[in-house]
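Protein sequences appear in the order of chains A and B.
In this text, residue positions in the first sequence follow our numbering: the first is -9, and each later residue adds one.
In this text, residue positions in the second sequence follow our numbering: the first is -9, and each later residue adds one.
Among the clues, some could well be false.
Since the list gives no way to pick out one identical chain from another, each pair is judged satisfied if it fits inside one copy or across any two copies.
Cut-off 20 Å, straight-line C-alpha distance, at most; resulting in silico cross-link-like pairs (EDC-like, lysine to aspartate or glutamate) [unchecked claim]:
| no. | residue 1 | residue 2 |
| --- | --- | --- |
| 1 | Lys119 | Asp134 |
| 2 | Lys178 | Asp154 |
| 3 | Lys17 | Asp161 |
| 4 | Lys87 | Asp21 |
| 5 | Lys87 | Glu(-6) |
Since the hints were made in silico from the structure, they are not lab data.
Every value quoted in this text rests on a predicted model; they were computed, and no experiment measured them.
Number of protein chains: 2
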Amino acid sequence: MAQEGILIVFSGFSGAGKGTIMKELLKRYPDTYALSVSATTRAPRPGETEGIEYFFKTREEFEKMIEKQELIEYARYVENYYGTPKAYVEEQLLKGKDVILEIEIQGALNIKKMFPRALLLFVATCDAKTLKERLLGRGTETLDVIHARLKRAGEESQGMENYDYLVVNEDLEHTVEQVHSIICNEHKRVSHNLDFIARIREDLEGFLKGE
Amino acid sequence: MAQEGILIVFSGFSGAGKGTIMKELLKRYPDTYALSVSATTRAPRPGETEGIEYFFKTREEFEKMIEKQELIEYARYVENYYGTPKAYVEEQLLKGKDVILEIEIQGALNIKKMFPRALLLFVATCDAKTLKERLLGRGTETLDVIHARLKRAGEESQGMENYDYLVVNEDLEHTVEQVHSIICNEHKRVSHNLDFIARIREDLEGFLKGE
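Bound conformation, chain A alone (with noise of 0.2 Å):
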């Protein structure tokens, strides 16, 4: 019954709690996820530890990943590349841990094209309203810095029809253990149990023709 893992992308409007829920179902279950770790050429910082945080790379090598395809997606900021290592990613699926990648609406809809049966799953408050009070909330962000949040909140909302769940985060608790439920009941579906079903076709066929 050993299935393959399934890769799960984890997108969201900033403040709606996506990193939290993320980390508390590695928590959890340590043994049924893998978190996807993104490769840079920017410098660790102190405490950050290879392959954990990121996996770290000069420039040249990480210019030789991206010709090679050796990357999912990748993007430049500022000086720096970030990209997601393709490596890693089919090693953990192969083993049959579901990994997780958060990446934002562009990412996703490229890694559905190279993994169609990836499962894209959104999380959002459950209102507008609520997304703004929790940006407000923290205290910590200038009003600048809100409305540029609520603004990229509006664009990715565009993309929203492209994703295949909507977690709604309104209590923690009750959304890690949706979110933990959608991604085990995907295992159930028959587009991952193809090799059950010709298995027991050929079965039954074998039962018929030894009568």
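Once you have looked at the hints, place chain B on chain A.
What follows is chain B alone, placed relative to chain A:
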């Protein structure tokens, strides 16, 4: 947050236990589920009640239903018609009930055409051997009947890829909760939440214009 109900098509091998699963679902969650009631031209048997086991119709009434496209699907066995009245299903869905329809593969595919958002579940045993043993274990059927059922299972297995989920019934308690969980999660599908998405998008735009 009132959402329309989901139409659930339940198929599976004879002997895999789908009837028992359905009965348990309705018993445990009577406010969530409604079982579609078929119409038939056969005479009521002692103890059968109009609208519970069947909607009893004359042949003229039934043929008028066919003509007026009031049936989701229908079939004729020997002398009698059997079919699924559309009105009852649609009424329950509008009330927010998840409507369960027990139907075989050909009917299931027709329903998916009429209701593209219908959820198609296929119930199987963990393997073919177990199915055979269950059918033998009942001890109530002749070998000819068992052979016919296995043959039918073989035919049905040809269409399994068209279903959304594969439910392997090893333990009734577990299976019932798993089916319930698959259906609950289906309500979180983006395609069932387009109103929510439209609203949050509009509200986010409103904030940005208002500022």
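**Asked** Checking against the hints above, which ones are violated?
**Response** When the structure is compared with the hints, none of them turns out to be violated.
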